Amino acid sequence: MLQPGRPRDRARGAMLGLAVGDALGAPAENLRPSEIRARWGRITGYVAADPSGTDDTEYAIFSGLLLARHGSALKVAHVEAAWRRWIADLDEGPFRGAGFSERGTLENLRRGLAAPISAQHRHAWSDGLAMRAAPFGVFAAGRPAEAARLVAIDGSVSHEGEGIYGGQAVAAGVAAAMAGAPTIAVVASALAVIPDDSWTARSLRRAVAVAHRGERAVRSAVVIGGYPWTDLAPEAVGLAFGAYAAADGDFRESVLTAVNMGRDADTTAAVAGALAGATRGASAIPPEWKAPIGPSRGTCLPAMAGHHVLDVADLLTSEEEGKWRFRTTVRRLETAADPAEYVLAAGEREVELT
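Residues in the sequence shown are numbered from 1 upward in steps of one, following our numbering.
There could be a bad hint or two in this list.
[As the list claims (entries may be wrong)] Derived SDA-like pairs (lysine to any residue); straight-line CA-CA distance at most 20 Å:
1. 290 / 77
2. 290 / 45
3. 75 / 116
4. 290 / 48
5. 75 / 65
6. 290 / 310
7. 75 / 6
8. 290 / 116
9. 75 / 145
10. 75 / 50
11. 290 / 51
12. 290 / 250
13. 75 / 153
14. 75 / 114
15. 290 / 49
16. 290 / 303
17. 75 / 88
18. 290 / 305
19. 290 / 46
20. 290 / 229
21. 75 / 156
22. 75 / 49
23. 290 / 44
24. 290 / 6
25. 75 / 315
26. 290 / 252
What the hints contain is simulated information worked out from the structure, not anything from laboratory work.
The structure displayed is predicted, hence computed values, not measured ones.
All chains, please: the whole structure from these sequences, using the hints.
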């Protein structure tokens, strides 16, 4: 039995939390809160008859397996080769459930374009990297900057700009949470690895600034209401971190807050679940939510069929569960005239797992 708070429990919490959030959020994807309430009331558990992960889970498994193979030596060439071998060159059926960024990437790869040119398509700003970023935080536990570096390498095949920043924020946040960082330090770690003036950073700050007022305030602070697509990385990452902050890292509330805000709900709930799972561990995930999560069905990525997120978590976790040290500048949030602004508090906090 895994001990709560131990590295393996946190790793499994991050990956299982991602899959659980994905499965819980999938039915609410692209819906408004009013539409969710009209169909189910407030979602408090699975509403699908046969819940399972979507492309979010399968791509996280794909990236996690690749990272487990190459570790810190991961290169763009490794990622591009894996995309070509395991995705682009396969002929099995339609590419079901894939996002626009993945479709654009595959079209470019099949045309013979190499990374980073393969990421030059109309949806390079999507949350497609953010949804698969958690494994990098698991691998680089306690090292947010390294997690951000590695996920940017993975993302260079499919994303640019804000799409990369979204993935880096998630990977860094998970890396901090894996080492026992408090919620506010997890947020600070995410912000520390992306440009201050980026859309992703502004969205994340706005969401967390109003998180104490609940999901309605978070959604209003972040969502681009008139825009038809819901897979914007700055929006999805902002909603996910807002949900996580509103719940102070509690797993159940982090995920349900993300689910009930709608929009790209499978991704926002997957990210919130990964953050909260890394924070509280797999032992904090409700048993009735864990039970339906089995090996990947390969619905979107046939090559990933049969792989389980827990196996990926174990591959990414060091066998030696020794001491991890995490040091970050803790940021204190204060309500100001502009709720998007953060006030930096002096001092550092170190968390040690033994």
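Results for each hint:
A threshold of 20 Å between alpha carbons decides the hint, and for residue 290 with residue 77 the separation of about 35 Å lies outside it, so the pair is violated. This hinted pair checks out: residue 290 and residue 45 have alpha carbons roughly 11 Å apart, not beyond 20 Å. For the hint pairing residue 75 with residue 116, the CA-to-CA distance comes to about 12 Å; that is within 20 Å, so the pair holds. For a cut-off of 20 Å, the pair hint linking residue 290 to residue 48 stands: about 15 Å separates their Cα positions.
Our distance criterion of 20 Å between C-alpha atoms is met by residue 75 and residue 65, whose separation comes to about 14 Å. Distance restraint check for residue 290 and residue 310: the Cα-Cα separation of roughly 11 Å lies within the 20 Å cut-off, and the hinted pair is therefore satisfied. For the given pair, residue 75 sits about 30 Å from residue 6 by alpha-carbon distance, which is inconsistent with the 20 Å threshold. For the proposed pair residue 290 and residue 116, the alpha carbon gap of about 37 Å is over 20 Å, so the pair is violated.
Proposed proximity of residue 75 and residue 145 is supported: the alpha carbons are some 16 Å apart, at most 20 Å. A threshold of 20 Å between alpha carbons decides the hint, and for residue 75 with residue 50 the separation of about 38 Å lies outside it, so the pair is violated. Between residue 290 and residue 51 the alpha-carbon distance is near 11 Å, which keeps this suggested pair within the 20 Å criterion. The hinted pair formed by residue 290 and residue 250 meets the criterion: a straight-line CA distance of about 16 Å does not exceed 20 Å.
Under the criterion of a C-alpha separation no larger than 20 Å, the hint pairing residue 75 with residue 153 is consistent with the structure, at around 6 Å. The hinted pair formed by residue 75 and residue 114 meets the criterion: a straight-line CA distance of about 13 Å does not exceed 20 Å. A C-alpha spacing of about 15 Å is found between residue 290 and residue 49, which places the hinted pair at or below 20 Å, so the restraint holds. Simply put, residue 290 and residue 303 have alpha-carbon atoms about 23 Å apart, too far for the 20 Å limit, and the pair is violated.
Between the alpha carbons of residue 75 and residue 88 the distance comes to roughly 19 Å, so the proposed pair stays at or under 20 Å and holds. Note on residue 290 and residue 305: the hinted pairing holds, with a Cα-Cα distance of about 19 Å set against a maximum of 20 Å. Pair hint residue 290 plus residue 46 holds up; C-alpha atoms about 11 Å apart against a cutoff of 20 Å. Annotation: proposed proximity of residue 290 to residue 229 is violated, straight-line Cα distance about 30 Å (limit 20 Å).
Proximity of residue 75 to residue 156 is assessed by CA-CA distance (about 10 Å); at most 20 Å being required, the pair is judged to hold. Only pairs whose Cα atoms come within 20 Å are accepted, and residue 75 paired with residue 49 is rejected, the gap being roughly 41 Å. With a C-alpha separation of about 14 Å, the suggested pair residue 290 and residue 44 falls inside the 20 Å cut-off, and the hint holds. Between residue 290 and residue 6, the direct Cα distance comes to roughly 19 Å. Compliance with the 20 Å bound is thereby established for this hinted pair.
Annotation: proposed proximity of residue 75 to residue 315 holds, straight-line Cα distance about 19 Å (limit 20 Å). Of the supplied pair hints, the one linking residue 290 and residue 252 holds, its CA atoms being roughly 12 Å apart against a limit of 20 Å.
In terms of the numbered hints stated before, the structure departs from hints 1, 7, 8, 10, 16, 20, 22, listed from lowest to highest.
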